[in-house]
Structure formats: structure tokens, C-alpha cells
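Chains as they are written, first to last, in my numbering: chain A, 36 to 186; chain B, 36 to 186; chain C, 36 to 186; chain D, 36 to 186.
It is possible that part of the hints are untrue.
Which copy? The list can't say, so a pair holds if one copy fits it or any two copies do.
Stated by the list, open to error - In silico SDA-like cross-links for lysine to any residue, where the CA-CA straight-line distance does not exceed 20 Å:
| hint | residue 1 | residue 2 |
| --- | --- | --- |
| 1 | Lys-58 | Pro-80 |
| 2 | Lys-145 | Ser-130 |
| 3 | Lys-58 | Ala-69 |
| 4 | Lys-145 | Asn-40 |
| 5 | Lys-58 | Arg-82 |
| 6 | Lys-145 | Ser-71 |
| 7 | Lys-145 | Leu-120 |
| 8 | Lys-145 | Pro-114 |
| 9 | Lys-58 | Asp-84 |
| 10 | Lys-58 | Phe-81 |
| 11 | Lys-145 | Glu-118 |
| 12 | Lys-58 | His-89 |
| 13 | Lys-145 | Phe-158 |
| 14 | Lys-145 | Pro-72 |
The hints are simulated quantities; they were obtained by calculation from the structure and are not laboratory data.
There are 4 protein chains.
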Amino acid sequence: MPTFNPVDPDFERHIRASFARQKLLESLGARLTAVSPGAVEIELPFRADLTQQHGFVHAGILTSIVDTACGYAALTLMPAGFEVLTVEFKVNFVSPATGARFIGRGRVTKPGRTLTVCAGDVFATSGGAEQLVATMLATMMGLPERASPPE
Amino acid sequence: MPTFNPVDPDFERHIRASFARQKLLESLGARLTAVSPGAVEIELPFRADLTQQHGFVHAGILTSIVDTACGYAALTLMPAGFEVLTVEFKVNFVSPATGARFIGRGRVTKPGRTLTVCAGDVFATSGGAEQLVATMLATMMGLPERASPPE
Amino acid sequence: MPTFNPVDPDFERHIRASFARQKLLESLGARLTAVSPGAVEIELPFRADLTQQHGFVHAGILTSIVDTACGYAALTLMPAGFEVLTVEFKVNFVSPATGARFIGRGRVTKPGRTLTVCAGDVFATSGGAEQLVATMLATMMGLPERASPPE
Amino acid sequence: MPTFNPVDPDFERHIRASFARQKLLESLGARLTAVSPGAVEIELPFRADLTQQHGFVHAGILTSIVDTACGYAALTLMPAGFEVLTVEFKVNFVSPATGARFIGRGRVTKPGRTLTVCAGDVFATSGGAEQLVATMLATMMGLPERASPPE
Numbered sequence: 036m037p038t039f040n041p042v043d044p045d046f047e048r049h050i051r052a053s054f055a056r057q058k059l060l061e062s063l064g065a066r067l068t069a070v071s072p073g074a075v076e077i078e079l080p081f082r083a084d085l086t087q088q089h090g091f092v093h094a095g096i097l098t099s100i101v102d103t104a105c106g107y108a109a110l111t112l113m114p115a116g117f118e119v120l121t122v123e124f125k126v127n128f129v130s131p132a133t134g135a136r137f138i139g140r141g142r143v144t145k146p147g148r149t150l151t152v153c154a155g156d157v158f159a160t161s162g163g164a165e166q167l168v169a170t171m172l173a174t175m176m177g178l179p180e181r182a183s184p185p186e
Numbered sequence: 036m037p038t039f040n041p042v043d044p045d046f047e048r049h050i051r052a053s054f055a056r057q058k059l060l061e062s063l064g065a066r067l068t069a070v071s072p073g074a075v076e077i078e079l080p081f082r083a084d085l086t087q088q089h090g091f092v093h094a095g096i097l098t099s100i101v102d103t104a105c106g107y108a109a110l111t112l113m114p115a116g117f118e119v120l121t122v123e124f125k126v127n128f129v130s131p132a133t134g135a136r137f138i139g140r141g142r143v144t145k146p147g148r149t150l151t152v153c154a155g156d157v158f159a160t161s162g163g164a165e166q167l168v169a170t171m172l173a174t175m176m177g178l179p180e181r182a183s184p185p186e
Numbered sequence: 036m037p038t039f040n041p042v043d044p045d046f047e048r049h050i051r052a053s054f055a056r057q058k059l060l061e062s063l064g065a066r067l068t069a070v071s072p073g074a075v076e077i078e079l080p081f082r083a084d085l086t087q088q089h090g091f092v093h094a095g096i097l098t099s100i101v102d103t104a105c106g107y108a109a110l111t112l113m114p115a116g117f118e119v120l121t122v123e124f125k126v127n128f129v130s131p132a133t134g135a136r137f138i139g140r141g142r143v144t145k146p147g148r149t150l151t152v153c154a155g156d157v158f159a160t161s162g163g164a165e166q167l168v169a170t171m172l173a174t175m176m177g178l179p180e181r182a183s184p185p186e
Numbered sequence: 036m037p038t039f040n041p042v043d044p045d046f047e048r049h050i051r052a053s054f055a056r057q058k059l060l061e062s063l064g065a066r067l068t069a070v071s072p073g074a075v076e077i078e079l080p081f082r083a084d085l086t087q088q089h090g091f092v093h094a095g096i097l098t099s100i101v102d103t104a105c106g107y108a109a110l111t112l113m114p115a116g117f118e119v120l121t122v123e124f125k126v127n128f129v130s131p132a133t134g135a136r137f138i139g140r141g142r143v144t145k146p147g148r149t150l151t152v153c154a155g156d157v158f159a160t161s162g163g164a165e166q167l168v169a170t171m172l173a174t175m176m177g178l179p180e181r182a183s184p185p186e
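One chain only, chain A, in its complex shape:
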């Protein structure tokens, strides 16, 4: 994995402040468990009200945590005063999402002035070994805060 030098020395504080404004992640009970240059980790405890018809955590919820981890991984490398939007992502679901906790990890594959490409994974764990349940490839866009989103 490449090593990145963030241009905003205060990146962690900005990301934690932004995360705190994400009402969905609070509703889900997700926590921001690690922030480093180009990499972010988010943890979600299992809850029955987040499951699909087979009792596994819904694909959209796994996606929510790894999308957020990838977006913030991109943001760690952007200038102060930037925000990040998800342009698009692709996710493969490789194992049933069973476990006590789900860990979404996002990392920057290629940072850019306009677009940043990230990869992410979701692992399930019940305390012991982690099992891969989903893997993401995503495109994120940085833009100055308060600017209108691009059309």
C-alpha cells in the first residue's frame, strides 16, 4: 500500500467533525474507529433491525459503512475546507453478513485533484478471526465546502 502525505495536518479532526454530522451513521450505531492518511475504518455492531429477509445485515447497510470509510479515506488527503462526495461505487458481496460486528475499511488507491479512487472491504467478526463479506471499488470527488455540488 502506498504512503501518503496529507496536506491538511488537521485532517483527523475535520473528519471526526464531519462524521459526527452523519445522522445515518449515528442512527445505525456506527463508530469511526481509525483515521490515518489515506485510510479510515468504521465499525458497526450487528442489529436485527438492519437485516434482510434471511437475517443477514442488508447489502445497503454494509455499503453505507464502507462507502463512508472510502469517502473519508479520500478526504484525509484533501486540503482543509474540502468536502467529499461519492461519484460512484461497485460492491461485490462474497459471504453472508453474519457476525457480532462489521468493520468497514476504506483506503486510497489513487488520490487526485478532482477525483480520488478508493478500495474498501467489509469484514465480519465475532471477536475472533475476520471474514471478508464485501469488497468495494469507488470514485470520490473533492470540492470546497459550501460550494454547490457539481451538476
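Dock chains B, C and D against chain A, hints included.
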């Protein structure tokens, strides 16, 4: 759009029963608003607790409804006694998700014995015109109910 | 499908000139068969030297024509003096690529100042009915000609 | 990266034999440069007749080599007598494809009885450092040779 002949005459009842077991969709307040051969529609009213840091509905929630619509669209064409799993999807987010309601529509592009390819969209509306906010291309897998999920 | 008003009245001439500079498409024997606002069609006759191990046209060649069709579909709606780059795409392959000719069609789903989202398909035909062989969802980026590509 | 135990001790010979039947890769001048359990590498020297309108190697050609590398990476872990089909892939293009040679590397993320998920990259090199130009996430399907492709 192609016309499909479902092999299970009772497909709508099976899909409504499966939807009723989706705890996440109940938690979100989503409703199954239309089921026809190869096409399913799900509606989600706006709720502030589903938003990201800019106050728009989170990408993962939009994904939840259109993934579910695509999965059930695939299931409308499968034999009785089948269930559907999401193999993978890709979603582009094209406008900020603002509006009173979000409508996820999934439709079958190519049905298959093992894999079904679906396309889907999410539209935002406040009662008047619909605006496209996200678009999906997805791969779904059918398998007999109670069978173990494929490794 | 939405109707688009191109800002460059001369879009077709610019696209035909750009296509003529695509050495790969000339090498493959591909032709630009239709250009309209937001939509482009490219045709490729079957050639045995483009096949994979089963004798079907290789996924990467099908991708080449539908990627090019999507990119130019995006370019039809951009200002004069712009070029287009592929940010990313996803392609599903739904039938074996057999037939005398392959038709790649790209269309704009959502135009934008920076990014344009396109959908595309590849159909196989031997003179009669067309059969869908691949379907694409893609993100294209416009930028002024001669500008350095964005990092 | 996980370690894999191939079930077919002769996997390398089978993959080299299959590669030799890929007429496209021969037409492009691509070579199979490494085969190991769960990982395959393919190299393509630059050729002007493979370029797009800016003189870079066309996205579809980069895709051809990394798709093939991912497909064969999946096949290394399948039983003898199996073949592999590309279900779908997503590719991000992150740098202009300039360089003397392009190296496509595919690796298995999650093997499976029916579907195998792979990740791949394309690097450009002119003899010195490698630069990432494209990154792929793909779904491959194994099936017994001579069987009809699944609908």
C-alpha cells in the same frame, strides 16, 4: 423494455411475503409500491435520521432501496421456491438526494438460470416531477430456498 | 430517454474527427454509424483475430466499442473544444458474443459540467434480430483540449 | 493477500494452453508472464495501433489484459476440466496509459464454487518504476468445459 413471462404465477405474493421479512426496509419506512414481471418499485419517505453530513439521504440508503427493487425484479422471473442474493452492484450518484420521497425502480435486463442482470434507478420527488438521483447496474443470483448460500 | 440540446452545433463533425484519430478503432475495423445529441453508435464486424479461447469476441473488444460509444455520447453535449476521458465503467456480459456484427450503443443518462454518466449496450446481429451481449454503466469526464489530463 | 491451494496440480499447463487459444491476445502481442495459485500476470508492449485519440493505449485494450489476467487467476483455483467466463467487471482509469509496456495483474479476492471475485491492476513501465494506470474489480464464473455457457 422486454416483456417477460413469469414461470411462477404467484410471484407477487411470494415477493410481498419476502419483503415483509426484510427488517431493514421496515426500519427505514420503505414500502413495496409496484410488482410486475421483471420490474419492482419501492418507495422511501425522507427522514432526517437517514442523512449524511450535508443533509441529503445517504448513498447507502438509496442503494438499499434500489438494490432491493432490483433483487425482487429478478425474483419475479424465478421459479416458485427460489430466493435471490445480490452478487454485486455498481451505483452512480448523479444529483443530491433531496425531496420528500425517493422511488427505487428495478427492472430485469437479462434473466438467466443462475444469474440475472438488472438495472435500477432512484428518483426523488416532492409530489411533482421526478428527478434522477442514482442509477444502478446489478447482478443477482437465484437459488432454491433453504439451500446454503453458495461459497 | 431524455432529449438533449447540444451546446456545440458542430458536435457531429468534432466527434467524427476525433474518431478518425482513434487508431485502435481503425485497427479493429470499427465504424461510427450514428451520432445524435446524447447518443452514439459504433459497429464492429466479426473477426477471428479478436476472439478469446472459445471463439467468441473478447470481452475487452466489446468493451472497447461500447466505451468509445459512451465517451462520444457524452462529448456530443460538451462545449466545442472539449475532449472526453473515461473515468471508469462497469460492464456485464450476458450472452456469448457470436454474430456477424456487433453494435455498440452509448447514451447519456445524466450530463454534467465535470462528469457525465452514460449507459451503453452491445448487441450481436447476423443481419436479423439483435441480441444483447453486454451492458455498460460509465462515468466520463470532459476537459478542455490540450489541457493536461487531471491527476 | 491470502494463500490458496489449487485443486488442479496441473493448473499452470492448462492456463498456458487456454491462453495460447486466445487469438486476440496473440493479435495484441500480449504474453503470459506469470502464473501462480490465485494470481496471473500478462504483459503487453506498447503499439501505436492500439491507441485512442490522444495517443494513449485504449481503455478497452488495458481492460482486455487485466480481464484476462483476472479470469485466469480465478481458473488457477478451479478443478481440472473447468473453463472460466467473465460475468462482469468494473475498471477505473487513473493515469494516462503511456509507457513502453503494460503489465496486467489479476488476483483472487474470494474463490467460490460458482463465482470467484478477483481484483486486478494495470501498470505502465518504461523499464524503471511501475505506474498504476487502471484498477479492476471483477466477477468470474467457472463451468465445466464443453458445457453450454449458462443463459
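Do the hints match the structure? See the list:
no.	hint	result
1	Lys-58 <-> Pro-80	both (16 Å within a copy, 16 Å between copies)
2	Lys-145 <-> Ser-130	between (27 Å within a copy, 9 Å between copies)
3	Lys-58 <-> Ala-69	within (19 Å within a copy, 29 Å between copies)
4	Lys-145 <-> Asn-40	within (13 Å within a copy, 31 Å between copies)
5	Lys-58 <-> Arg-82	both (17 Å within a copy, 10 Å between copies)
6	Lys-145 <-> Ser-71	within (15 Å within a copy, 27 Å between copies)
7	Lys-145 <-> Leu-120	both (16 Å within a copy, 17 Å between copies)
8	Lys-145 <-> Pro-114	within (16 Å within a copy, 28 Å between copies)
9	Lys-58 <-> Asp-84	both (17 Å within a copy, 5 Å between copies)
10	Lys-58 <-> Phe-81	both (18 Å within a copy, 13 Å between copies)
11	Lys-145 <-> Glu-118	within (17 Å within a copy, 22 Å between copies)
12	Lys-58 <-> His-89	between (27 Å within a copy, 10 Å between copies)
13	Lys-145 <-> Phe-158	between (22 Å within a copy, 13 Å between copies)
14	Lys-145 <-> Pro-72	within (13 Å within a copy, 27 Å between copies)
Against the hints set out earlier in the document, no violation occurs for any number.
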